[in-house]
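*Asks:* Residue numbers (the working numbering), protein chains in the order written: chain A, 1 to 296; chain B, 1001 to 1252.
Honestly, the hints are just simulated from the structure, not real lab data. Certain hints may be false.
The calculated SDA-like cross-link candidates involving lysine to any residue, where the alpha carbons are at most 25 Å apart (straight line), are [said to hold, decoys possible]:
#, chain 1, residue 1, chain 2, residue 2
1, B, Lys1148, A, Ile239
2, B, Lys1157, A, Glu199
3, B, Lys1019, B, Phe1076
4, B, Lys1157, B, Ala1147
Please read these numbers as outputs of a predicted model, since none were measured by experiment.
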Amino acid sequence: MISLRTDLPLGGDSASRFIPWLVAIMVFLGILAVSGVSVFDTILSGWSRAVTGTITIQIPALPADSEKEANQARTDRAVTALSALPSVEAVRVLENTEIDALLAPWLGEGAAAGDLPLPDLIDVTLADDEDATLELIRTSVATVVPDAIVDDHRRWFEHLIDLTEGFRLLTIGVALVVTTALALTIVYATRASLAEFKEVISVLHLIGARDIYVASQFAKRTLASALKGSAGGFAAGAIALIAIGWLARNVESGFLPDIDLGFGFWISIPLVSLFAAILAMVTAFVTVLGTLRSMI
Amino acid sequence: MQIFNQVETSNHVAAVELKNVSLSYDDGPDVLSNLNLALPPGSFHFLTGPSGAGKTSLLKLLYLAQRPTEGSVHLFGTNVTAAARRTLPAIRRKVGVVFQDFRLLDHLSAFDNVALPLRVAATSEPEIKSNVTELLSWVGLDEFMDAKPAVLSGGQKQRVAIARAVVNRPRLILADEPTGNVDDAIAMRLMQLFMELNKLGSNIIIATHNEQLVARFGFSRLALSARTLTELPPLLASDASGIEYTADGAQP
Chain A
1 MISLRTDLPL GGDSASRFIP WLVAIMVFLG ILAVSGVSVF DTILSGWSRA VTGTITIQIP
61 ALPADSEKEA NQARTDRAVT ALSALPSVEA VRVLENTEID ALLAPWLGEG AAAGDLPLPD
121 LIDVTLADDE DATLELIRTS VATVVPDAIV DDHRRWFEHL IDLTEGFRLL TIGVALVVTT
181 ALALTIVYAT RASLAEFKEV ISVLHLIGAR DIYVASQFAK RTLASALKGS AGGFAAGAIA
241 LIAIGWLARN VESGFLPDID LGFGFWISIP LVSLFAAILA MVTAFVTVLG TLRSMI
Chain B
1001 MQIFNQVETS NHVAAVELKN VSLSYDDGPD VLSNLNLALP PGSFHFLTGP SGAGKTSLLK
1061 LLYLAQRPTE GSVHLFGTNV TAAARRTLPA IRRKVGVVFQ DFRLLDHLSA FDNVALPLRV
1121 AATSEPEIKS NVTELLSWVG LDEFMDAKPA VLSGGQKQRV AIARAVVNRP RLILADEPTG
1181 NVDDAIAMRL MQLFMELNKL GSNIIIATHN EQLVARFGFS RLALSARTLT ELPPLLASDA
1241 SGIEYTADGA QP
């Protein structure tokens, strides 16, 4: 059990009083930043998995219903051509229900079952992701179905991934700024306390106190104040995350990917609070040691 | 008193030694000039001199609140002027100081103020409780252990300051006017405490203006005047009457 008894009247000084509030705000922002990074990481990871090694081929529908069999024949020809290629691992024609699910966010349920001339979609899994392979596929499919569209996901996903990566880096930057701001403010608050208690510290020195004795008292008191603040910041951050999650679930599914942040994320949130408190404590300790070095 | 044991001393090394010590503040004139002194272990001295003679400055050099501008200060054989900063706390723990303005910590009780030197030395709490309680009782403050300095009289504060200075059995005790705010009965009791500690091996230096006190106890004198230090023999009681310092510090 750590004793919080101090020989310095810490906690009552003006600089120490705002430490819990400061830490609470920083922890709240830190939790949002870490959540942002986790969300972007999850989205990027999901998209990368989805994009890497797959392409989609659209076989446009012929205009008339009577040509339903001809449509099927065109799709079969494309599947046969694709299956013959050594660089293709798997070929699968999407079911109508799957196409319906893809279109549902835009056209509503049952769009594929209506009269719309929807293309057949062929999901192709590649053995490699080389440009030469894609070119070979384009040529092979065009030979049997000239108007087939080879949809390389990478083209438009790469822009989206770049954008998301940019947001992710921005959020990491925010987290670093928050951390730096917390440390600098603790330095300022600690120096203000040292100035306020200069006389008391002088007496402690003259009766034989080592710098580390004084620094430990500052560190313990700062840790206690910071833990109070980080508990508040954690509570506010948790409420904010629950609210954001609730809002996200209310958005029509399909526009946003399902995001499972995983166990690691939920462990990292309380760790953010703990990290802020420990950072404040260590910063106060180091600041006191550095400042006292200039005293006799 | 049972709480005090014999302090470890060496008969071969001066407890306090000043070698050509001078002190000035902020490039001003010398407050102390070329002082030389060697006090053997277990000595008891009164430090006398008029106001402004530099008694407090000399004490500051001895309790390591100042470094001399020139020369060196040696405590228990260690040149503290050249000592590394990190070694000073261990030396300071061997020196007990009664400040003229007490310098008690206002937010702490009398008990906690007296306990400070023991706490910084990581003494166990049961031992602190036992020693501090006994010492405060001895100086007549057993009913004021929980009182903060703000509610204590000047004399009571002085006794707390003295208790704090001696509680860790220092090898050197420096007291700046320790009987200045107490009545005769308490003054005698405090002097008895200092003598008791002296018998157990502590060096005592008491800075005072009180000639009656100096004469009554008959210890050697260190007289500071005109920035220089002179070791004088004990003042006889018959000499004390009528000796006063004039405003400019000269003895008539």
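*Asks:* What are the numbers of the hints the structure violates, in ascending order?
*Replies:* Violated: hint 1 alone.
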